[in-house]
Amino acid sequence: MEAGKKYADSPVWEQLSGRRILLMGVKSPLKQSFLQNLSHMGTQMGGEFQVVEDPAEIREGDLIFLFGLTRESGFEAWKEIQSLWQVFRFLEGKEFEAAALVTGTEVYGKLYGKERAIREEEMGYVSHLLKEDTAPFCMRTAENLAGRLAREKGLPIKILRTVRNWEDTVSDTVVAEGVAGAFGSPIQRLIQGAVTALFLGKAGEAYNLPWEESSFEEEPESRSPLSPVIVKPDTQKLERLGKDAAAG
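Under the numbering used here, the first residue of the sequence shown is numbered 102, with each subsequent residue one higher.
Please keep in mind that the hints were generated in silico from the structure rather than gathered at the bench.
Note that beta-carbon positions come from the ideal geometry of N, C-alpha and C, so glycine has one too.
A few of these clues could be false.
Unchecked claim - Below are the EDC-like pairs computed for lysine to aspartate or glutamate, each with C-alpha atoms no more than 20 Å apart in a straight line:
1) K180 with D234
2) K195 with E161
3) K128 with E154
4) K303 with E253
5) K303 with E154
6) K211 with D234
7) K195 with D155
8) K303 with D335
9) K211 with E196
10) K254 with E198
11) K303 with E222
12) K232 with E173
13) K338 with E221
14) K180 with E233
15) K195 with E253
16) K211 with E222
Unchecked claim - Okay, the calculated beta carbon distance ranges per label pair:
17) S325 with G119: 19 to 27 Å
18) G119 with S328: 45 to 53 Å
19) R290 with E177: 27 to 35 Å
20) L327 with F191: 43 to 51 Å
21) N245 with E177: 18 to 26 Å
22) L327 with E306: 28 to 36 Å
23) E306 with R190: 19 to 27 Å
24) K254 with G119: 22 to 30 Å
25) D335 with G194: 34 to 42 Å
26) R249 with S328: 33 to 41 Å
27) Q145 with K254: 22 to 30 Å
28) K303 with P130: 26 to 34 Å
Using the sequences and the accompanying hints, generate a full structural model.
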């Protein structure tokens, strides 16, 4: 893909120039941040691309971010994720260029022992017994459906995972605050990773998005090894996409 080949030496707004970017799926702070930041890039930074939220039609060449990241639990999580089924049906038969389903790292389930980075291939079992486990189960179901659509229907859908409570870690930074400062922020690194996977990723494959540093604190002596630890994404698979593009 021509746009993918120039990934390594082009900023995001140049990669997206002339495109229509569609934001669909569950309403969330992450979706809103994508809308704000991408809209600013498209209108104020010379990107000259259009950002549309929940469009009425899909056009040939469209790039789509489909948000399946829910902060709800129990039945409310099901209601949010079920809205994706209509979106998936809406996408079938359409001639868009690429789509990416954004979910959360909770799909890995609870991780016990020492905190570490977990890879895309290390998918664990997600317990469905507790109310708070409903959200990762719903997101896992959405991922499975996206994977089937890629394999069986040939839809160019990739799967992206990020931390579910990302907006609790930093303020919502918009590019307008300054290019140099904003592009060192987590939300800008997240968008860069998402665009990389959208262009260069393989349909049906999952990629962990960058969020925070991969360094881990020493395990506290007081913590029981039977207590769950935070799952942190290993982004090597996504990083290889960029390296391969640069080498090519």
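What's the verdict on K180 and E233, does the C-alpha distance respect the 20 Å limit or exceed it? Distance ~15 Å between K180 and E233 Cα, so the pair holds.
Cβ distance range 22 to 30 Å for Q145 and K254, holds or violated: violated (37 Å)
For the pair supplied as a hint, K303 and E253, confirm whether the alpha-carbon distance does not exceed 20 Å. holds (14 Å)
Could one say that the CB atoms of S325 and G119 fall in the range 19 to 27 Å? violated (55 Å)
Holds or violated: the 28 to 36 Å window for the beta-carbon distance between L327 and E306? Taking Cβ atoms as reference, L327 and E306 lie about 33 Å apart, which means the hint holds.
What's the verdict on K303 and D335, does the C-alpha distance respect the 20 Å limit or exceed it? Given that 20 Å is the threshold and the Cα spacing comes to 18 Å, the pair holds.
20 Å limit on alpha-carbon distance, applied to hinted pair K232 and E173: Given pair K232, E173 holds - Cα atoms ~10 Å apart, limit 20 Å.
Would the pair K254 and E198 pass a check requiring their Cα atoms to be no farther apart than 20 Å? Given that 20 Å is the threshold and the Cα spacing comes to 14 Å, the pair holds.
CB-CB spacing for E177 and N245 relative to the 18 to 26 Å hint: holds (21 Å)
CB of E306 to CB of R190, is that within 19 to 27 Å? Since E306 and R190 have Cβ atoms about 22 Å apart, the given range 19 to 27 Å holds.
Verify the proposed pairing of K211 with E222, using a straight-line Cα cut of 20 Å. holds (15 Å)
Should the hint that L327 and F191 are 43 to 51 Å apart at their CB atoms be regarded as holding? Holds, since L327 and F191 (Cβ atoms, about 44 Å apart) stay within the stated range.
Checked against the numbered hints listed earlier, the structure breaks hints 5, 9, 17, 27; every other hint is satisfied.
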